[in-house]
Amino acid sequence: MHYLKMDISKIAGLRTIEEIEELLKIRRSYALKLMSSLKKQGYVGVSGGGRQKRIYKITAYKQTKSNGMFDIINRHSRLKVQPLFRHIVEGSYSAENALIDAIALRKKRVILAALNLFNHIKDWKKLKELARKKQLEAEAGMLYDLARKNIKTRKMPENIYMSLKRAKKPKQIIDEKTEELDKRWNCYVPFSRTDIERLKE
Amino acid sequence: MIHTKDQDELFELISSKIKQDITCYAFGGTAMMFYGYKEGTKDIDLAFETEEQRQGFIQAIEELGFRKISLKNIYNEQKNKQENKPLMFSRGDERFDLFARQIFQTKLTDAIKERSRERRDYIRKDNTLTVKVLAAEDIILLKSVTDRENDFTDIELLLKKEQEISWQTIVEEAVRQGRMTVLDLEEKMGRLKKEFYIQRKFFDTLYNSFGRKESKG
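Chains as they are written, first to last, in the working numbering: chain G, 1 to 201; chain C, 1 to 217.
Derived from the structure by calculation, the hints contain no laboratory data. Mixed in with the good hints, there may be bad ones.
Claimed, not checked - To give a feel for the contact side, a few chain G residues facing chain C, derived at Cβ under 7 Å: (1) Ser9; (2) Val89; (3) Gly91; (4) Thr153; (5) Tyr188.
Glycine residues also receive a C-beta, built at the ideal position from the N, C-alpha and C atoms.
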């Protein structure tokens, strides 16, 4: 059986080389050659090797490396997030993009993990522009204040900070526990003290 | 006919022409290409949340030489008369079928949008073209409401390639969409059960949605 004519979905999943030999009823040498060919085409990913047992991740689709929001967040945050979807970007995509996209998702854990990105912002003007496009200036400013009080962040220039504050925003729900922040930015803080403590762990 | 690599490059080119951020949802053959189950497709099927977004996309593709064409030779008379028919644009072998808010009788609900499995951002200049790929269950649902034999073949391909298709999700969404969708889905499921195992309870859910008796045997 030639690998080009094979139906990969039959062996899809996490497999060891022994399992592949057994499933396809082939010799070890051919199984290794098969995995090598499929890996070059992008259908197989490998983990382990050396002292650890080598495990092959075989998929019926080509495994494109994702380079999006979740990769950037997990690279810089102690609090890791499971990707909600595969995010692939063609073009320039940085911490600024990832932070605003995380806020736009409106998922608590993703936003919490993304707070660490305030320590990796290089272009604050870009961050402001992205926030303005998605009408998230108040949220971005509020989360910056929250992050600045609790973890290490870079300092936002004063003119950018004032620009975010000036953005018009309708009144949102006020949380009594973090009253001061809410009044300043006029938007709801979705985190409790316990959540914020997890950032410092 | 457009192939996977060409499709990606085309989206990237379109992202350099759009005047605002645009989000669209890919389904049909386009989505199957993103999954890697197809190498090429006759047309690129996209759905937009608002008419404004669709018009923004149309402006960009018109700059690239795409021209509006008629649905007459492509869809049947019944589809041509429907309110939510697509706007079609063509350039050579490439064709876009662009829907807004609804794909014929199927509404682009929040549940469908939330289930999107993949998100691709194309950023060449200042604006982002975001293409969200619908989940396999929603692709199957959309293909089950057409009369085209090719679409039925695609459903079979998806069921063979995807390890875990949730019939629960498909059936619930069909009920949410309405009677016509339920009838079309029930007919396709009847044909599919000859080759694939589909639990009886899913047929019962469809029948019960219109107060019919549960199936026997």
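List of violated hint numbers, smallest to largest: 4, 5
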